[in-house]
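Residues per chain are reported as follows:
Number of protein chains: 4
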Amino acid sequence: MSRIGIHSFVWSASSAQGDLERTLANTKEAGFDLIEFSYLDPANVDIGRLAKRIAELDLGVAISIGLPADGDISSADKAIAAHGVEILKRTIALTRDLGGQKVAGILSTSHGLQAQAPTRDQWNRSAGTLAKVAETAKAAGVTLNLEIVNRFESNLLNTAAQGLAFIEDIGSDNIFLHLDTFHMNIEEADIGLAIRHAADKIGYVHIGESHRGFLGTGNIDFAATFDALTAIGYSDDLSFESFSSEIVDENLSKKTAIWRNLWTDNMELARHARRFIAIGLETARRKAELVSSSHQL
Amino acid sequence: MSRIGIHSFVWSASSAQGDLERTLANTKEAGFDLIEFSYLDPANVDIGRLAKRIAELDLGVAISIGLPADGDISSADKAIAAHGVEILKRTIALTRDLGGQKVAGILSTSHGLQAQAPTRDQWNRSAGTLAKVAETAKAAGVTLNLEIVNRFESNLLNTAAQGLAFIEDIGSDNIFLHLDTFHMNIEEADIGLAIRHAADKIGYVHIGESHRGFLGTGNIDFAATFDALTAIGYSDDLSFESFSSEIVDENLSKKTAIWRNLWTDNMELARHARRFIAIGLETARRKAELVSSSHQL
Amino acid sequence: MSRIGIHSFVWSASSAQGDLERTLANTKEAGFDLIEFSYLDPANVDIGRLAKRIAELDLGVAISIGLPADGDISSADKAIAAHGVEILKRTIALTRDLGGQKVAGILSTSHGLQAQAPTRDQWNRSAGTLAKVAETAKAAGVTLNLEIVNRFESNLLNTAAQGLAFIEDIGSDNIFLHLDTFHMNIEEADIGLAIRHAADKIGYVHIGESHRGFLGTGNIDFAATFDALTAIGYSDDLSFESFSSEIVDENLSKKTAIWRNLWTDNMELARHARRFIAIGLETARRKAELVSSSHQL
Amino acid sequence: MSRIGIHSFVWSASSAQGDLERTLANTKEAGFDLIEFSYLDPANVDIGRLAKRIAELDLGVAISIGLPADGDISSADKAIAAHGVEILKRTIALTRDLGGQKVAGILSTSHGLQAQAPTRDQWNRSAGTLAKVAETAKAAGVTLNLEIVNRFESNLLNTAAQGLAFIEDIGSDNIFLHLDTFHMNIEEADIGLAIRHAADKIGYVHIGESHRGFLGTGNIDFAATFDALTAIGYSDDLSFESFSSEIVDENLSKKTAIWRNLWTDNMELARHARRFIAIGLETARRKAELVSSSHQL
Numbered sequence: 001m002s003r004i005g006i007h008s009f010v011w012s013a014s015s016a017q018g019d020l021e022r023t024l025a026n027t028k029e030a031g032f033d034l035i036e037f038s039y040l041d042p043a044n045v046d047i048g049r050l051a052k053r054i055a056e057l058d059l060g061v062a063i064s065i066g067l068p069a070d071g072d073i074s075s076a077d078k079a080i081a082a083h084g085v086e087i088l089k090r091t092i093a094l095t096r097d098l099g100g101q102k103v104a105g106i107l108s109t110s111h112g113l114q115a116q117a118p119t120r121d122q123w124n125r126s127a128g129t130l131a132k133v134a135e136t137a138k139a140a141g142v143t144l145n146l147e148i149v150n151r152f153e154s155n156l157l158n159t160a161a162q163g164l165a166f167i168e169d170i171g172s173d174n175i176f177l178h179l180d181t182f183h184m185n186i187e188e189a190d191i192g193l194a195i196r197h198a199a200d201k202i203g204y205v206h207i208g209e210s211h212r213g214f215l216g217t218g219n220i221d222f223a224a225t226f227d228a229l230t231a232i233g234y235s236d237d238l239s240f241e242s243f244s245s246e247i248v249d250e251n252l253s254k255k256t257a258i259w260r261n262l263w264t265d266n267m268e269l270a271r272h273a274r275r276f277i278a279i280g281l282e283t284a285r286r287k288a289e290l291v292s293s294s295h296q297l
Numbered sequence: 001m002s003r004i005g006i007h008s009f010v011w012s013a014s015s016a017q018g019d020l021e022r023t024l025a026n027t028k029e030a031g032f033d034l035i036e037f038s039y040l041d042p043a044n045v046d047i048g049r050l051a052k053r054i055a056e057l058d059l060g061v062a063i064s065i066g067l068p069a070d071g072d073i074s075s076a077d078k079a080i081a082a083h084g085v086e087i088l089k090r091t092i093a094l095t096r097d098l099g100g101q102k103v104a105g106i107l108s109t110s111h112g113l114q115a116q117a118p119t120r121d122q123w124n125r126s127a128g129t130l131a132k133v134a135e136t137a138k139a140a141g142v143t144l145n146l147e148i149v150n151r152f153e154s155n156l157l158n159t160a161a162q163g164l165a166f167i168e169d170i171g172s173d174n175i176f177l178h179l180d181t182f183h184m185n186i187e188e189a190d191i192g193l194a195i196r197h198a199a200d201k202i203g204y205v206h207i208g209e210s211h212r213g214f215l216g217t218g219n220i221d222f223a224a225t226f227d228a229l230t231a232i233g234y235s236d237d238l239s240f241e242s243f244s245s246e247i248v249d250e251n252l253s254k255k256t257a258i259w260r261n262l263w264t265d266n267m268e269l270a271r272h273a274r275r276f277i278a279i280g281l282e283t284a285r286r287k288a289e290l291v292s293s294s295h296q297l
Numbered sequence: 001m002s003r004i005g006i007h008s009f010v011w012s013a014s015s016a017q018g019d020l021e022r023t024l025a026n027t028k029e030a031g032f033d034l035i036e037f038s039y040l041d042p043a044n045v046d047i048g049r050l051a052k053r054i055a056e057l058d059l060g061v062a063i064s065i066g067l068p069a070d071g072d073i074s075s076a077d078k079a080i081a082a083h084g085v086e087i088l089k090r091t092i093a094l095t096r097d098l099g100g101q102k103v104a105g106i107l108s109t110s111h112g113l114q115a116q117a118p119t120r121d122q123w124n125r126s127a128g129t130l131a132k133v134a135e136t137a138k139a140a141g142v143t144l145n146l147e148i149v150n151r152f153e154s155n156l157l158n159t160a161a162q163g164l165a166f167i168e169d170i171g172s173d174n175i176f177l178h179l180d181t182f183h184m185n186i187e188e189a190d191i192g193l194a195i196r197h198a199a200d201k202i203g204y205v206h207i208g209e210s211h212r213g214f215l216g217t218g219n220i221d222f223a224a225t226f227d228a229l230t231a232i233g234y235s236d237d238l239s240f241e242s243f244s245s246e247i248v249d250e251n252l253s254k255k256t257a258i259w260r261n262l263w264t265d266n267m268e269l270a271r272h273a274r275r276f277i278a279i280g281l282e283t284a285r286r287k288a289e290l291v292s293s294s295h296q297l
Numbered sequence: 001m002s003r004i005g006i007h008s009f010v011w012s013a014s015s016a017q018g019d020l021e022r023t024l025a026n027t028k029e030a031g032f033d034l035i036e037f038s039y040l041d042p043a044n045v046d047i048g049r050l051a052k053r054i055a056e057l058d059l060g061v062a063i064s065i066g067l068p069a070d071g072d073i074s075s076a077d078k079a080i081a082a083h084g085v086e087i088l089k090r091t092i093a094l095t096r097d098l099g100g101q102k103v104a105g106i107l108s109t110s111h112g113l114q115a116q117a118p119t120r121d122q123w124n125r126s127a128g129t130l131a132k133v134a135e136t137a138k139a140a141g142v143t144l145n146l147e148i149v150n151r152f153e154s155n156l157l158n159t160a161a162q163g164l165a166f167i168e169d170i171g172s173d174n175i176f177l178h179l180d181t182f183h184m185n186i187e188e189a190d191i192g193l194a195i196r197h198a199a200d201k202i203g204y205v206h207i208g209e210s211h212r213g214f215l216g217t218g219n220i221d222f223a224a225t226f227d228a229l230t231a232i233g234y235s236d237d238l239s240f241e242s243f244s245s246e247i248v249d250e251n252l253s254k255k256t257a258i259w260r261n262l263w264t265d266n267m268e269l270a271r272h273a274r275r276f277i278a279i280g281l282e283t284a285r286r287k288a289e290l291v292s293s294s295h296q297l
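Chains as they are written, first to last, in full-length UniProt numbering: chain A, 1 to 297; chain B, 1 to 297; chain C, 1 to 297; chain D, 1 to 297.
Just chain A, with the same shape it has in the complex (with noise of 0.2 Å):
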């Protein structure tokens, strides 16, 4: 049984102390599994304490980030390549110091709208220096779960298939996909297809409307995707994520284009998509055991 997550930012952008843990507890109220949280940093947030408080509510949690334009593993300035590596592994760090087992987003590049067409040798650049940082994952206990996202947020890696070959590129075993409905809906051919397609590397799902709101108010056929992870058998964390412009993270919100307010009370969303996704992924399950029901006599 997949674990269900919810994106931190559906709570608050802030890393205050306090903010963080009221951040678990409405987390356990709404009655998710799991929190994803970006990076934190350690100088400004007492990371043992909230690794207890994570413990103590029976939470689990993933840390996912998107690589500054000074830290694009990508690029070829050596400098700014090697930042992207020193975020990779303050993140691998962060990730094991909270008791999680999973970095996720936008690992491959630089996180936002690119200016050139990608070209081969930034992907051999990116997966070169993932081969590398993988090994430290590892080491730490974690994996590292490429985020495919879309055309203006990234221009390596935009679907399944193309994450499928560069993690065959990379050639590790400790790296895996990190799929999201919201990016899914703009660049593959079918949601569906693609989590079949993808089966054996699928690490990390976010479950996200296509205009990043209340699950089912938008376009993505969710009962397609439930089916399509069911026939796959995947049963590892699936994360709800969602932006609002009520709820505003200087770097974020601006790279991901987030200008209306698609809702204001955040239990009320995170309750619905909790419900959402739990019938969903129930009335999932009863079809695919109808579909190979022989009802016998």
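Hints are computed from structural coordinates only; laboratory data are not their basis.
A few of these clues could be false.
The list cannot tell twin chains apart, which means a pair is met if one copy fits it or any two copies do.
[As the list claims (entries may be wrong)] With a straight-line cut-off of 20 Å between C-alpha atoms, the simulated SDA-like cross-links for lysine to any residue are: (1) 132 x 46; (2) 89 x 294; (3) 132 x 18; (4) 255 x 150; (5) 201 x 294; (6) 254 x 113; (7) 201 x 293; (8) 132 x 297; (9) 201 x 295.
Model the placement of chains B, C and D on the given structure of chain A, informed by the hints.
Coordinates of chains B, C and D only, in the frame set by chain A:
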């Protein structure tokens, strides 16, 4: 590449020689590769001449039937069951004589609304009989394709999964499933999932709309259907079936409850279906290629 | 806000007083607002006591029937038609006595597979009779809601558009359509378009899956259904209907060809349906708000 | 009946006279009724000759642009805003001179990822300016059609509902919405509901797939889109738009982040789109007829 067929009742329910030959000409004119006939009585039809015309037009041919109440091989009444076997054997011979390789339709029970729930004994009788008939068919170079139909037209095999269990019980390698989207829309949990589940045993497919009229004007998700057929590599025959009160077959129209005039111009209907299936299959193929393309830089 | 009902045959096909009262308790326990019963014979059931229990539980009640072959008001046989009128009048009285306001179901013809195509005379006889019965109903404070069913269960009214024309011919303002997603999936060009087309005359709605089992495990696009109901401002009753061979009604199970055991635990089924409909309606409402929100700056 | 157009960048991003004329010939050869060009500079293109060729081929023409950053009419910088007005006026003149009646595209702000959230002042400046430009357009026999685009390409008008409020604020009867399925898939709650909501004000429609490649190979429900356009009686222009890294426009390819080679053979793409739209519109029309047909006996 699948051959695209059409059921002869789109053109005419008559079995006068001239009408049958006009049906072949219409089939060719509308761009189809195969004609599906109901049973034709060699006492009234010049089968050799029809076979020659089929060959001249480079058409494929399939025969589909529904066993009558007095020829139900699942019946406990031995005379009725024996009559059913005789009908099946005549149909196999007709198929062979016309140059076809497939017998399709409702072969496991009689066709029509049954008055009783199915029983294990009924299942066993039908399976045992079909095991033997399958040998006769094999010797004639013909496969048996068991149509999975909705609850109002048979009580025994309403889903592909039931059909798979039935074929396994029969134990013959000459028996396959004849799936039909009209019936699947009523009985299956999901058309695409059912096609994937039954992948290895699908021998014939009917493409029909939910109300049996123009393709695309009903509730069936044909894109998902073509995606699933593409995903399993199905390359065998696909036939278009449609019924309207415009063309009445005394027997079939009542069993299938054809009350509405869903079309009057059958050539227009057929050409639309041919284009609809063609672009549907082409689009599914392109989608499958896209979903697995790594877009190598 | 629609009241959410449930058909009593989810709970039991028995009309023993204790079973009927357990049905009410189950209905309440599973979170429904309304119970839909088939006809109950006041000779065998203590209607006053049942009505009291319904009121105590703050439940709504509706009665649905299918006219029998010997009570077909569309028949040219006057005795048969007269019997039909008598059944309708008894049903109206029962509905009133239970505290209900709606008679629903197959009222325009007998229920079951017909042997003949519909005729204009049949249509006229049925319409003429219903015009009179509608007056009786009106006097009792009860509306007649004509169920639009699939071709295998009646030959006269298979689509909402046919129903609208029929109501116009009847000329009464006390007759409405009873739409049912199970039947619409077979007969309508599109469930959402049909709901929009019939908007003004929809009096009762059945929410049932394409195979009559768990909601969401079949082919019906319930999101589109709820969107259409929201778009037309439908706020009247919506009842969940499901049949399984687990609960057999001698009459109804055969006419509706219930051969498969689609569920065994009816409380689980009912609770799932209640949650499915609740989140479906809530999500449709949020979607409608979003589609018309100008996101004022 | 809608004219079916095609964006010229399917054929070529060049504005050399010979390439433009080949684009017209290709457009005609692939069966389209209208060509959509980006802005063409009369200093470099013989507009009179192009207009004559368009007329000879009996093609319609539309011009779409995206305002540049230094011509953003929503800017508080008066020189920038004035430059935008000048661009709009030149585009109106070009459209008129080519024999067209529609200016389309991103007219309310600059095209591209914005760095700031939208503001009321920005909205007011843009609306006020467009009110005046609309008069100029009207005098030229040209309408302005504001393209509603995704969040990464403009911050002001991302949904049809925002566009309606904006047009109401402008107060001109010469301004309409330019809807595009690619963008709607990202921003709207539902494409069909949004089309219905904006029915009266839709002046131009782009038919594009979710990934901007072959129609039908992505996530957009075109059947629902064509149903909604049919339901509102839309009979104005519909243009196919698709981008691939095969054909690069220095400016547009980067703003729209075209990194993948989704097609190489543009004639194959265009012919497929033409067939896809034709059978889609025909099927939607047949479905609408069916949904309202009473099948008079």
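Evaluated hints:
1. 132 x 46: neither (29 Å within a copy, 58 Å between copies)
2. 89 x 294: For residue 89 and residue 294, neither the intra-copy (51 Å) nor the inter-copy (28 Å) Cα distance is at most 20 Å.
3. 132 x 18: For residue 132 and residue 18, the Cα distance exceeds 20 Å both inside one copy (36 Å) and across copies (52 Å).
4. 255 x 150: Answer is both: 12 Å inside a copy and 13 Å across each meet the 20 Å cutoff.
5. 201 x 294: For residue 201 and residue 294, only the inter-copy Cα distance (15 Å) is at most 20 Å; the intra-copy one is 31 Å.
6. 254 x 113: Classified as both; 10 Å inside a copy, 9 Å across copies.
7. 201 x 293: between (28 Å within a copy, 16 Å between copies)
8. 132 x 297: This pair counts as neither: shortest intra-copy Cα distance 57 Å, inter-copy 22 Å.
9. 201 x 295: between (34 Å within a copy, 18 Å between copies)
Of the hints listed earlier, those the structure fails to meet are numbers 1, 2, 3 and 8, in rising order.
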